[in-house]
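In order, the protein sequence lines correspond to chains A and B. Residues 1 to 507 (the UniProt record's numbering) make up the first sequence, in order. Residues 1 to 507 (the UniProt record's numbering) make up the second sequence, in order.
Pairs count within a copy or across copies, as identical chains cannot be separated in the list.
Straight-line alpha carbon distances no greater than 30 angstroms define the calculated DSBU-like cross-link-like pairs of lysine-lysine that follow:
hint	residue 1	residue 2
1	Lys-353	Lys-437
2	Lys-180	Lys-353
3	Lys-353	Lys-440
4	Lys-190	Lys-353
5	Lys-453	Lys-348
6	Lys-471	Lys-501
7	Lys-471	Lys-434
8	Lys-453	Lys-437
9	Lys-487	Lys-68
10	Lys-348	Lys-180
11	Lys-388	Lys-107
12	Lys-190	Lys-42
13	Lys-388	Lys-487
14	Lys-453	Lys-353
15	Lys-302	Lys-180
16	Lys-388	Lys-302
17	Lys-241	Lys-471
18	Lys-471	Lys-353
Calculated from the structure, these hints are not laboratory results. Note that the structure is a prediction, hence the values are computed from the model and not measured.
2 protein chains.
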Amino acid sequence: QLRALSGVSEPPRGLVQEKMTDNAVFSQNKVLTIDTMNPNVKNVEYAVRGPIVQRAVQIEKELREGMKKPFTEVIKANIGDAHAMGQQPITFFRQVLALCSYPELLKDNMFPEDAKSRARRILQACGGSSLGAYSASQGIDCVRQDVARYIERRDGGVPCDPDNVYLTSGASDGIVTMLKLLVCGEGASKTGVMISIPQYPLYSAALAELGAVQVNYYLNEEKCWSMDLSELERSLAEARKHCNPKVLCIINPGNPTGQVQSRQCIEDVIRFAAKEHLFLMADEVYQDNVYAEGCQFHSFKKVLFELGPQYSNTVELVSFHSTSKCYMGECGFRGGYMEVINMDPEVKAQLIKLVSVRLCPAVPGQALMDMVVNSPQPGEPSYTTFMKERTATLSLLAEKAKLTEEMLNTVPGITCNPVQGAMYSFPNISLPQKAIKEAKALGQAPDMFYCMKMLEETGICLVPGSGFGQKDGTYHFRMTILPPTDKLKLLLAKVKEFHQKFTRQYS
Amino acid sequence: QLRALSGVSEPPRGLVQEKMTDNAVFSQNKVLTIDTMNPNVKNVEYAVRGPIVQRAVQIEKELREGMKKPFTEVIKANIGDAHAMGQQPITFFRQVLALCSYPELLKDNMFPEDAKSRARRILQACGGSSLGAYSASQGIDCVRQDVARYIERRDGGVPCDPDNVYLTSGASDGIVTMLKLLVCGEGASKTGVMISIPQYPLYSAALAELGAVQVNYYLNEEKCWSMDLSELERSLAEARKHCNPKVLCIINPGNPTGQVQSRQCIEDVIRFAAKEHLFLMADEVYQDNVYAEGCQFHSFKKVLFELGPQYSNTVELVSFHSTSKCYMGECGFRGGYMEVINMDPEVKAQLIKLVSVRLCPAVPGQALMDMVVNSPQPGEPSYTTFMKERTATLSLLAEKAKLTEEMLNTVPGITCNPVQGAMYSFPNISLPQKAIKEAKALGQAPDMFYCMKMLEETGICLVPGSGFGQKDGTYHFRMTILPPTDKLKLLLAKVKEFHQKFTRQYS
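Isolated chain A (complex conformation) (with noise of 0.2 angstroms):
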C-alpha cells in the first residue's frame, strides 16, 4: 500500500504487503534513510555531546523518576558551559543586552550612564535601531571597529583593519566558513587540512562533512603537549604522499589540552607555514584563560607581525575568538568574530558572499562581542564592578585548574599536565589489560568503556580520550575545570575512587 504510491523504483506488490510489519522494510521505502542519506555527514563524529552526554540525560530524567542510583546527581564535566555550571554573568553586559533588547528601559535612572550610551551606539549602528534588524553580513560596522581597535591594544599596536574582521555566530561557525572555502579537489589533489591530535573535534566533524582530508600531528605529551617541529615535518611529508596540505591549524589555548604555547613554538609554526606554503588557523578562544605561572597568551598575530614583513606580507592567516570563554563564558549568544591576514582580496569577495547567503549572525551575538571588546574603562561607572567580576572569574579558574591538576597527579595510574589554560585537563589514564580486552570485545574504545563505567556507578560525565583523538595505546578524558570549587572537589574525589576500584576490579 505503501510502495503503491510511488512509480519510481516499486518492489514486488506482494513482498511489501507481507513485510508490511517489518521496520526495515518499511524504512527503506522512505525517500531519506541512513542508506540514502549523505554518506559525509553519516562520518561526522561528535564526541562533546556523543553517547556518553546522551546517556547522562537520560539518567538525569532517571533520577527525576525516583530511580534508585548510587549517586544523587549527574555532574556534567564534558563540556565548557561556563554558566550552566554556576559562573555568573558580567552585570554590564547583561544590562546592555537588556537596554538593547528593550530600549524603553534608556528612560530608566535604574542602568549606569555607560552602559546607555554603549546601548544607544549600538541601536544607532541597526536597521531602524532595532536589534531585530538584519546586520551588514559581515557584522555590524561599528562592532568591527571596536573588534580591530581591542585586537590593535592586545597586540601593542599592531594595526588592524576592520576590513579584515568578520563577525560570526560562535568561532565554530568562522571555523567551518574557512574550512568551506580552502577545501576542494579530489583524489590525491584534495586538500589535506593538518590539526593538532588530541583536537576538538568540530575540526574533524568539519572535514568528515566537507569531505577533506584530516592530516594528524600529534601533540608532545612528555612536554606538556607542546607542538613539534619534527612531528609537524613528519606529518606533512607522510600526508604529501595521499592529498595536496594547505592548511595547519592550532589551537592556543589549547582545547582539550589546557597547554599554552610558547611564543618560540608561534614563532616555528608560523616559519614552518611560511616555508611549507600552509594556510594558518588560530583558534585563540581562550586567550584570557591563561593561568600557569610562565605563562602568556601570544597571538599568532601579533608575532607574525614581529618577524618582519616577509612574513607579515606573506603568511595567510585566519584568528578566531568568541564570547563564549574566557571570563564571558556567554556560550548561548553565539558571538564571535574572525580576523584575516593578507586574504587575497577575490577570495575575500567571496567569503562575503558566502557569508551574505546566511544574512547574518545573529545580532545579540554582536552586541555582546562588542561589550567584550569594548568593555568599561577606568573614569567610567561600571569599570569597577566589572573588573572586580572579570577578575574573580578568571582567579576562579586559575584556582581550579591548579587544583584539577594536583589532585588528578594524586592517583595511581592518573598523570595529569598542568592546566596552563583554557577549561580542560586531559589526563592520561593507565587502564588494566583485562578491561581493555573486555572494551574491545564491546567493540568500545577502552576509554569509552571506562568513562561510561564512571557515569553509571557515580553520576560524573566525562569525555574519553578517543573523542578527541591520543596516540595509540594511550588512554584519556577531558574533564572541564568549571564545576564550583566544592563540586569540583567531590568530583575528584570521586574520580580517585572510581579509578582505584576499576583498577582493582580488572587487575
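Since chain A is already given, all that's left is putting chain B on it; use the hints.
Using the frame of chain A, we list chain B on its own:
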C-alpha cells in the same frame, strides 16, 4: 623573496623577483586564491545581497560624503527586513527578552506579570538559569513543547510531537541542514532538488554549495504564480534523465512572488510527492502574512493529515518557520524551528548528531521563538496591547500589499499579480529591445541593467528577477512592501516615472 620561503612548488627565483610588483603573480603565490578555492562556493549566487545592494551601500556613503545625486536618500526595498523599514517590535517580546537578559529586572515593577512569568519559565529551562548557557542542540525542551502545542492549535488539533521539532538559527539554517542530510551521489545518481522558479536564492545557493542538482519547476505567472501539476511532472521527468530527484521544495506564501497556494494545490502536491517518492520541504515562514480576500494559509502538515493515513503515515515532510517574518519581523535574532514528519528514526539520530556539532542555535532567538508560539492569551495583562500591535502591523502590511499591486498596475509595461501574501511584489516588466541589447553587450542580465539604472537615477534599491530565476525572455524585479506608507507611495511614483523614462529612452 616571497616564494623562496616555500618548498612546495617554487618557481624559478629570477621570475619571482622580476614580477614581485605584479599583483596577479602576488596573488598566485597565496595558498587561497580564486583559482584554488572551493569551486562549489565560487558557484554560489545570492542576489538579495548581491552587487546591486553593494552599490546601494556605496551610494549611501557617497551621499553622506556630500556627493550630488538626483535624490537625497537610498530607499531599500530589496530585502524583507521589517524593522529596518520602521516596523516596531512587539512590546511583550522585547520585555521578556530584557527580563531574560538581565534577570535583576524581575524585581522591578515596571514589567507586567505575564512577561515575568514567561521569562522565569525560559530561564528555568536554561543551564544555570542563564541565556548564556548552551541549550540542548535540538533546542530548549520547553520551547519545543510550546512549538508543538502552537502547531497543534494552528492545525486544528493534528498532533505534534516535540521530538519532531528542532529549533534553528532562522529558517535558512534549517533548510541548509535538511539539504545537507539529503544530498549525495555523483553523476546520474546525484541528488536532484526541485525548486520553484522564481525561487528564493537561498535554495540555489545551498544547492550550489552542496554540489547538488537544481531541478527547476516554473510557477504559473498567468495564474497568479500557482503551482501546476503538469509542470511538476514535466520538470521531474526531465530531471530523471540526468539525476536522482529526491526532494521537492515549496515556498508558501511565496517568496519572491507573494502568492498563497490553494488547499487544492497543496493536496495535489502532496499526492504528487507520494506517487513520485519525493521528500517534501515546505518553507512556511510567511504563514501569518496572508492579505488577499478568499486566501488562507493551509499548512502542508494539516493537509497531509486530512488526506488520511496512507499519506500522513508515509510522506516525509519538513516544515520551516521563523521569527523573522509575519508580524514579528525579528530577523536579527535568527530564531526559527522546523518540524519533521515521518523521518526515519536512524536519520533523526544523524540529524541530532549533525546539529550538535554547532552546539545550539542562539538562545535569545530560541526565547523569542517561544514567545511567538506562546504569546499573551485572553485574560493576561499584556493581551490587549499584544493583539493591538499584531493586528496593526498585519493590517498595515495588507494595505501596502494592495497599494503596491494597484500602483504598479497603473504603469504601462508593468504587470503585477496580486500580492496575496508574504512581503513582496514581483511584477513583470516589459523592456525595450534596445535596452536588452545594450545590457547583453555589457554582459548583464537585462533586468539587472534596468535595476542598476533605477538605483543610480532614483536611489531605489530593488532586486532584478534574474536573481530569483524567471522564464526566458521575461523580466521582473522583486520589491518589498515594507517601506512606511508615505515612502512606499513615493517609491512607487518614482518607479513609475523611471519606467516611463527608461522605456522612452530605449524605444
